[in-house]
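Participant: Build out the structure end to end from the sequences listed, making use of the hints.
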Amino acid sequence: IWVDRYDSSGRAADVGGTGSGVSERGSAWVFPSNFDSGVRYRDAWEAIAHEIGHAFGLAHDFRNSIYIMSYGPGNRNELSPCTTKWLDAHKYFNDTATPINDNTSVQMLLTNPAESLAIRLRFNISDTDGLHQVIFDAQGDDGLVECKELSGYSSTVEFITNAFDSGNTSKYGLLIIDRHGNFKYHGFQVRPIDVLPSSEVVSIPDSNLAAAIRKALELAPDSTITQLDMLGLRICYWSNPGRQITDLTGLEYAINLRSLGLYNNQIEDIAPLSKLTKLSDLRLTGNQIKDITPLSQLTKLSHLRLDGNQIEDITPLLKLTNSNLRDLRLTGNQIKDITPLSQLTKLIALNLSDNQQIRDLTPLKVLTNLRMLEVRNNPISDITPLAGLTNLGGLYLTGNQISDITPLAGLTNLHWLWLYSNQINDVNPLSGLTNLRQLYLMNNQISDVGPLAGLINVETLRLEENPIKNRKPLLELLEKNPDVKIYLKDRRTPLPVTLSHFRAELSDAGVVLKWTTESEVDNAGFYIYRSTTKSGEFKVVNPTMIQGAGTSSERHTYTWTDTTAKPNVAYYYQIEDISHAGVRKQLATVRMRGLVSASGKLTTRWADLKIQEK
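FYI, our numbering numbers position 590 of the sequence shown as 590, with every residue one higher than the one before it.
These are computed hints drawn from the structure, not numbers from a lab.
Mixed in with the good hints, there may be bad ones.
Said to hold, decoys possible - Under the rule of at most 30 Å between Cα atoms (straight-line distance), these lysine-lysine pairs were calculated in the DSS-like manner:
1. 514 <-> 534
2. 300 <-> 290
3. 171 <-> 278
4. 539 <-> 566
Facilitator: So, in structure tokens, the structure goes:
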């Protein structure tokens with residue numbers, strides 16, 4: 001196996017990929033799919049493993065979201081018994097050198113109806129090298145359906161399935177590997193409508209639900225919906241303010257449904273969902289749901305969103321202890337007791353914001369797989385239970401009653417931390433969180449920002465509405481990290497001229513000065529001063545004032561070239577801003593020495609920046 005790495009940066013953690021293989025070789029390609037997308041549910045290494053699986057000939061296996069060959073949201077670290085059996089015979093893992101061949105023959109026998117609107121498919125399979133395994137695959141959203149271990153040189157196999165496409169024709173396939181590791185995919189098509197007896201019409205009293213189903217199945221607006229149609233329903237989404245769904249009756253026939261999203265409707269009773277055991281993604285945001293008992297049997301759920309309902313009791317989630325639930329959102333309900341969550345140890349993302357009643361976070365201390373946690377706008381004062389959640393990349397605790405943030409000191413994987421609108425006065429525990437990219441601390445009681453000066457990777461730092469006494473640590477941070485955006489007053493109200501970058505570079509035209517301001521107040525413009533010694537007399541070298549931005553909270557970059565600079569002379573440059581009222585302020589000093597190179601061009605010896613606040 002050869003692996004070529006083109007980019008291993010953290011910014012490429014959210015990825016996509018493709019892979020394929022035949023008996024003697026395979027290839028996989030993994031690439032960034034969305035930079036800076038927030039919490040990364042799809043880890044790059046899991047995607048690499050998934051695509052390498054395809055390179056070995058493995059099919060998608062959606063039967064369990066923890067399988068490497070699924071699309072599960074993180075922690076996909078297992079191969080199913082079916083795929084491990086396949087790899088047992090693969091040529092890569094066997095030393096015996098045998099010729100590559102295609103001796104497998106497949107004959108499809110008569111297709112018959114089976115019970116409960118299913119069809120029975122039978123095949124004769126033979127191979128002169130001896131048979132090892134056959135995988136029955138439903139193309140599209142179903143993937144691997146069943147595996148059978150084989151022996152001898154010929155066999156008759158039977159599969160029963162109700163995995164139908166929404167159209168008239170369904171596509172299936174057999175992936176067969178012989179004892180020497182030769183494998184090939186054999187595809188075929190079946191028209192279930194020609195095999196099954198006439199299907200009964202499904203009663204769907206809610207016309208808006210019927211419209212959603214017809215849209216998902218691409219049926220005519222006034223067409224009937226049969227039980228056979230419902231078996232072809234895999235994905236269904238509906239959000240229409242003028243056509244809200246109130247009744248889910250009839251949806252119980254969609255037993256192959258994998259993903260359901262019914263946003264902002266008026267749904268109260270979700271009992272029809274109780275038998276949809278293939279659901280992996282369920283989103284019922286913005287309804288009127290109180291009782292979530294029908295969800296207790298949906299053990300294949302990986303994403304569950306119940307934001308904006310009327311839920312008080314989450315005890316039914318205890319039945320999902322052995323499920324693969326990774327992403328749970330319960331924002332904007334009436335939840336007080338979160339004890340049942342302590343059993344959902346596979347959770348990666350959890351949102352409990354805006355419940356207004358959650359005080360005790362103790363049940364969360366065992367959820368060590370969490371990468372994102374949101375508990376905004378609750379009366380929380382003690383965050384000690386979070387101290388051990390070291391995998392957290394995002395933590396959002398806005399609008400609570402937190403004063404002591406000591407438990408956060410060890411959460412060194414944090415990239416996003418929101419703590420605004422609390423009662424925090426000491427930010428020392430944050431000094432070691434050098435992976436932070438976004439830190440929101442507005443509306444607290446912080447006076448000393450010294451511990452933040454070492455957060456050299458932070459991109460956005462918001463400190464509005466705090467009684468900060470000394471801004472020098474922030475200027476130090478700007479010097480170390482010129483790209484950081486710092487807000488100290490209202491986000492819309494800029495600070496006095498704040499310089500984050502001042503550099504001198506040599507060019508054929510002279511010394512090019514570049515500087516950047518983070519914000520400006522009443523800034524008419526800039527003058528550049530020059531001296532040949534640090535303590536000598538500085539004289540203005542720009543005959544015309546360089547126009548400033550006036551009043552602005554945005555970042556501005558300026559460039560001016562000193563065409564009178566001479567080679568082999570050390571220069572000190574100072575930059576000064578002047579207000580419309582004529583008030584002047586020196587901002588920074590930079591030293592530059594230009595040398596004459598062999599080609600007669602100015603070259604840079606060194607440059608040194610010192611930012612001053614006066």
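Participant: Among all the numbered hints in the text so far, which are the ones the structure does not match?
Facilitator: The structure conflicts with no hint, since it agrees with every one listed earlier.
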